[in-house]
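> Going line by line, the protein sequences match chains A and B. Heads up: the first sequence begins at 0 in numbering that gives the first Met the number 0, then just goes up one per residue. Heads up: the second sequence begins at 0 in numbering that gives the first Met the number 0, then just goes up one per residue.
Read the hints as simulated data drawn from the structure, not as lab findings. Note that this is a predicted model, so its numbers are computed, not measured. Warning: the hint list may mix true and false statements.
30 angstroms max Cα-Cα, derived DSSO-like pairs, lysine-lysine [to be verified]:
hint: 1; chain 1: A; residue 1: Lys121; chain 2: A; residue 2: Lys161
hint: 2; chain 1: A; residue 1: Lys121; chain 2: B; residue 2: Lys70
hint: 3; chain 1: A; residue 1: Lys15; chain 2: B; residue 2: Lys55
hint: 4; chain 1: A; residue 1: Lys40; chain 2: A; residue 2: Lys15
hint: 5; chain 1: A; residue 1: Lys160; chain 2: A; residue 2: Lys119
hint: 6; chain 1: B; residue 1: Lys70; chain 2: B; residue 2: Lys55
hint: 7; chain 1: A; residue 1: Lys4; chain 2: A; residue 2: Lys161
hint: 8; chain 1: A; residue 1: Lys44; chain 2: A; residue 2: Lys160
hint: 9; chain 1: B; residue 1: Lys11; chain 2: A; residue 2: Lys149
hint: 10; chain 1: B; residue 1: Lys11; chain 2: A; residue 2: Lys119
hint: 11; chain 1: A; residue 1: Lys4; chain 2: A; residue 2: Lys160
hint: 12; chain 1: A; residue 1: Lys44; chain 2: A; residue 2: Lys4
hint: 13; chain 1: B; residue 1: Lys11; chain 2: A; residue 2: Lys15
hint: 14; chain 1: A; residue 1: Lys160; chain 2: A; residue 2: Lys40
hint: 15; chain 1: A; residue 1: Lys121; chain 2: A; residue 2: Lys15
hint: 16; chain 1: B; residue 1: Lys55; chain 2: A; residue 2: Lys119
hint: 17; chain 1: A; residue 1: Lys4; chain 2: B; residue 2: Lys55
hint: 18; chain 1: B; residue 1: Lys11; chain 2: A; residue 2: Lys40
hint: 19; chain 1: A; residue 1: Lys40; chain 2: A; residue 2: Lys161
hint: 20; chain 1: A; residue 1: Lys160; chain 2: A; residue 2: Lys149
hint: 21; chain 1: B; residue 1: Lys11; chain 2: A; residue 2: Lys160
hint: 22; chain 1: A; residue 1: Lys121; chain 2: A; residue 2: Lys160
hint: 23; chain 1: A; residue 1: Lys149; chain 2: A; residue 2: Lys121
hint: 24; chain 1: A; residue 1: Lys44; chain 2: B; residue 2: Lys70
hint: 25; chain 1: B; residue 1: Lys55; chain 2: A; residue 2: Lys40
hint: 26; chain 1: A; residue 1: Lys121; chain 2: B; residue 2: Lys55
hint: 27; chain 1: B; residue 1: Lys70; chain 2: A; residue 2: Lys15
hint: 28; chain 1: A; residue 1: Lys15; chain 2: A; residue 2: Lys149
hint: 29; chain 1: B; residue 1: Lys11; chain 2: A; residue 2: Lys161
hint: 30; chain 1: A; residue 1: Lys4; chain 2: B; residue 2: Lys70
hint: 31; chain 1: A; residue 1: Lys15; chain 2: A; residue 2: Lys44
hint: 32; chain 1: A; residue 1: Lys44; chain 2: B; residue 2: Lys55
hint: 33; chain 1: A; residue 1: Lys40; chain 2: A; residue 2: Lys4
hint: 34; chain 1: A; residue 1: Lys4; chain 2: A; residue 2: Lys15
hint: 35; chain 1: A; residue 1: Lys149; chain 2: B; residue 2: Lys70
hint: 36; chain 1: B; residue 1: Lys55; chain 2: A; residue 2: Lys160
Which stretches of chain A does chain B cover? Using the computed rule of at least three CB atoms under 8 angstroms from a CB of chain B, they are [claimed, not checked]:
hint: 37; region: 8-22
hint: 38; region: 26-34
hint: 39; region: 39-50
hint: 40; region: 55-69
Think of the CB as a built atom: it goes at the ideal place given N, C-alpha and C, for glycine as much as any other residue.
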Amino acid sequence: MSRDKFHRIILPLKDKLFRLAWSIVRDSAEAEDIVQDMFVKLWSKIDEWDNIENLEAYCFRATKNLALDRMESLEIRKTENISPELESSTFTDRVTPFNKLEETERYTLLYNCIDQLPEKQKMVFQLREIEGMSYREIADTLQMSEEMVKVSLFRARGRLKKQLSGRRE
Amino acid sequence: MNNGRITELLDKYWACETSISEEMELQEFFRSGNVPEELQPYVTLFTYRRDLQALKPGDGFEERLVGSIRKAERQNRYITIRIFEPLLRIAASVLLVTGIGISVYLFSRQNSQVFAETYNDPEAAMQQATLALDKLSRAIQATEEASLKSLEQLDNLELDWSEIDSLSTEIVPIDPDFNKDVKPGRL
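Extracted from the complex, chain B is given alone in its bound form (with noise of 0.2 angstroms):
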C-alpha cells in the first residue's frame, strides 16, 4: 500500500470519514511492521484493537451466566414466599377464625329458631295464638261430628249385635298352661 493512500485514509480517519472496511485497511497496514517512523506513534492506536477484540471472558463463562441466572431465579422464588409468609400467616388466621365464626353463628342461629321470639308485638301474638286454637277447635269439632255422623250411620244398618257377639264367644281363650306337657327334645 502506497504512502499516499494511506495519508489519504488517515486524514478520512481523523476527520471521521473512513468507512469500516477503510479502518480495517489501516488496521492491517499498521500491523505490518512497514510503518513510516512519523506514523510510528499512531501504531498501537491501530493494532490495539484487535488484541481487545480477541478479549473474551473465560472458559465456562456462559454455563456461569446460565447458572446465576437460575440461582436468581429460585432466590427471588423463595424470597416471594418469604414475603408473603406472614401474610399467608394471617390469612390462615382470619380464615379459621371466620370460619368458627361462621359455624358458630349459624349453629346458634339454628337453635334459637325452636325458641324463637317470632312476634315483638303482644297484641299480634294474642291474635295469631286465638287464630290458631280457634283452626284447631274446629278441627276437632269437624272430627267429633263425623265420628257422631258415622256412628248413626251404623245404627241405621239395623244390624244384629248378637250374631256379631256370638262370634267372639267361638274363639278360644288361650290357655297359659297350653305348653306345659310339652317335652323339650320335641321342639
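Looking at chain A on its own, in the form it has when it is part of the complex (with noise of 0.2 angstroms):
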C-alpha cells in the first residue's frame, strides 16, 4: 500500500519539488540533492504514511525545510546572476544582444526582489506563481491559515511591486 502511495503521489511530485528547492538555493545539483535527501528521509519513516494527514504537503514542507537548512549549512550565495539552466531557457523571442542584456539585469533583478522577501512570503510566492497552487492548497502545504496565505501573497506581492516600479525610476 505505501509503495502505491509512493509511485502514484509522491514519485510525481519530484519535479515540483525540485523547483521549489531550486527557489531557495539556486542551484540544479544542489536541489537535486536536496530532493533525493527528501525522499530517502521520507522512505524511512514508510511506516508512519498512513498517519501523515496531507502526504503531498508533507513533501512540500520537509523539501523546504531541507533547502533552508543546506542554506545555512552550506551557505550557498543566492545567485545575483541568473543561474546558466534559466539563462538557456530564456529570452529565446528576444533577438538582440541589447535586449538580450536588458532582460537578463531584469530577471536578475526580479530574482534579487524575490530573494529578499521574507521566507514565509516567497514560499508563498513561489508556490502561487510558479505551482500555480490554490490558496488551500498553499494552506495545507505551509500550514497556515488561507487568510495568512492570502496577506503573505499580497506583502510579497505588494513588496515586489514598489521594487520593481522603484528601480526603474
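Dock chain one against chain two, each of which comes alone in its own frame, and use the hints as you go.
This is the structure we're talking about:
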C-alpha cells in the first residue's frame, strides 16, 4: 500500500519539489540533492505514512526545510546573476544582444527582489506563481490559514511591485 | 486585449483577488511583446514563471532517486545488523553458557540421585530402614513357609522314589572318548 502511495503520490511530485528547492538554493545540483535526501528520509518513515494527513503537503514542507537547512550549512550565495540553465531557456524571443542584456538585468533584479522577501512570503509566492496552487492548497502545504496565505501573498506582491517599479525610476 | 482589461486584472492581481485563470491571462499578455511603457517593469514578473515552470531535474533523476532509496534501504539493513552484532554475540555467549550450565546441572542431578541422601532425620531413616528390612524378612519367611508346604505336599503324595531313581540309571553316561575313532573325512 505504501509503495503504491510512493508511485502514485510522491514520485510524481519530484519536479515540483525540485523547483521549490531550486527557488531557495538557486542551484540545480543542490536542488536535486535536496529532493533526493527528502525522498530517502521519507522512505525511512514509510511506516508513518498512514498517519500523515496530507502527504503531498508534507513533502513540500520537508523539502522546504531541507533546502533552508542546506542554505544555512553551505551558505550558498543566492544568485546575483541568473543561473546558466535558466539563461539558456529564457529570452528566446528576444534577438538583439542589447535586449538580451536588458532582459538578463531585469531577471537578475527580479530574483534579487524575490530573494529579499521574508521566507514565508517567498514560499507562498513560489507555490502560487510557479506551481499555480490554490490558497487552500498553499495553506495545507505551509500549515497556515488561508487568510494568512492571502496576507503573505498580498505583502509579497506589494513589495515586488514597489521594488520593480521603484528601481526603474 | 484592451488596456482597460489589463489595468483591471493588474489591480485585482496586486490585491490578490485574481483567479488562476486570470493570472494566466496576465502571463499571456506580458509575453505578447505589446506591453505599454508604464507596465514594462512588470514584464519579468509575469514571464519568468513560465521559464521556471519548465525547470526540471536532469535526465535520469528518477532512476537516481529510486537507486538512492534502494541503497539507503540496504545500508539500513546492514546498519541494523551491525548495531545488533555485539548484542547477538552476547546473546550467543549467554545461550552457550546457559546450555552448558543446564547440561552439567542435569547430569550431576542424575548422578547424585543414586547416592542421594533422602532423609535429613536419622531416626526417620532408621524407621524406614527397619520397615524395609521387616518387609524383606516377612517376604523371605513367606517364601520359606511356601517351600515347606510344597515339600509336605510332596511327602503326602506317597510316591515310589525307587522307581523314579531307576529312571536315572537307564540313562547312558556320556563317554568322553565316544568320537575318538571317527575319521575326520566322514564328518
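> Could you grab the alpha-carbon distance between A:Lys4 and B:Lys70 and see if it respects the 30 angstroms cut-off?
OK: A:Lys4 and B:Lys70 at ~20 angstroms, within 30 angstroms.
> For the pair supplied as a hint, A:Lys40 and A:Lys15, confirm whether the alpha-carbon distance does not exceed 30 angstroms.
The given pair, whose Cα atoms are some 18 angstroms apart, holds under the 30 angstroms limit.
> Taking 30 angstroms as the top limit, are the C-alpha atoms of A:Lys15 and B:Lys55 close enough?
holds (8 angstroms)
> Are the Cα atoms of A:Lys15 and A:Lys44 separated by 30 angstroms or less?
Status holds; Cα separation ~21 angstroms.
> Compare the distance between the alpha carbons of B:Lys11 and A:Lys160 with 30 angstroms, and conclude whether the hinted pair is satisfied.
The hint holds at about 13 angstroms.
> Are the Cα atoms of A:Lys149 and B:Lys70 separated by 30 angstroms or less?
Roughly 42 angstroms between the alpha carbons, so the hint for A:Lys149 and B:Lys70 is violated.
> Does A:Lys40 sit within 30 angstroms of B:Lys55, going by the straight-line distance between their CA atoms?
Given pair B:Lys55, A:Lys40 holds - Cα atoms ~21 angstroms apart, limit 30 angstroms.
> Given the hint that B:Lys11 pairs with A:Lys119, test it: the Cα-Cα distance must not exceed 30 angstroms.
Holds, at about 22 angstroms.
> Holds or violated: are the alpha carbons of A:Lys15 and A:Lys149 at most 30 angstroms from each other?
Holds, at about 21 angstroms.
> If you draw a straight line from the CA of A:Lys44 to the CA of A:Lys4, is it 30 angstroms or shorter?
holds (13 angstroms)
> Are A:Lys4 and A:Lys160 close enough, with their CA atoms no more than 30 angstroms apart?
Between A:Lys4 and A:Lys160 the Cα gap is close to 41 angstroms, so the pair fails against 30 angstroms, i.e. violated.
> Given the hinted pair A:Lys40 and A:Lys4, is their alpha-carbon gap at most 30 angstroms?
Cα-Cα ~15 angstroms, so holds.
Checked against the numbered hints above, the structure violates hints 2, 7, 8, 11, 14, 18, 19, 35, 40; every other hint is satisfied.
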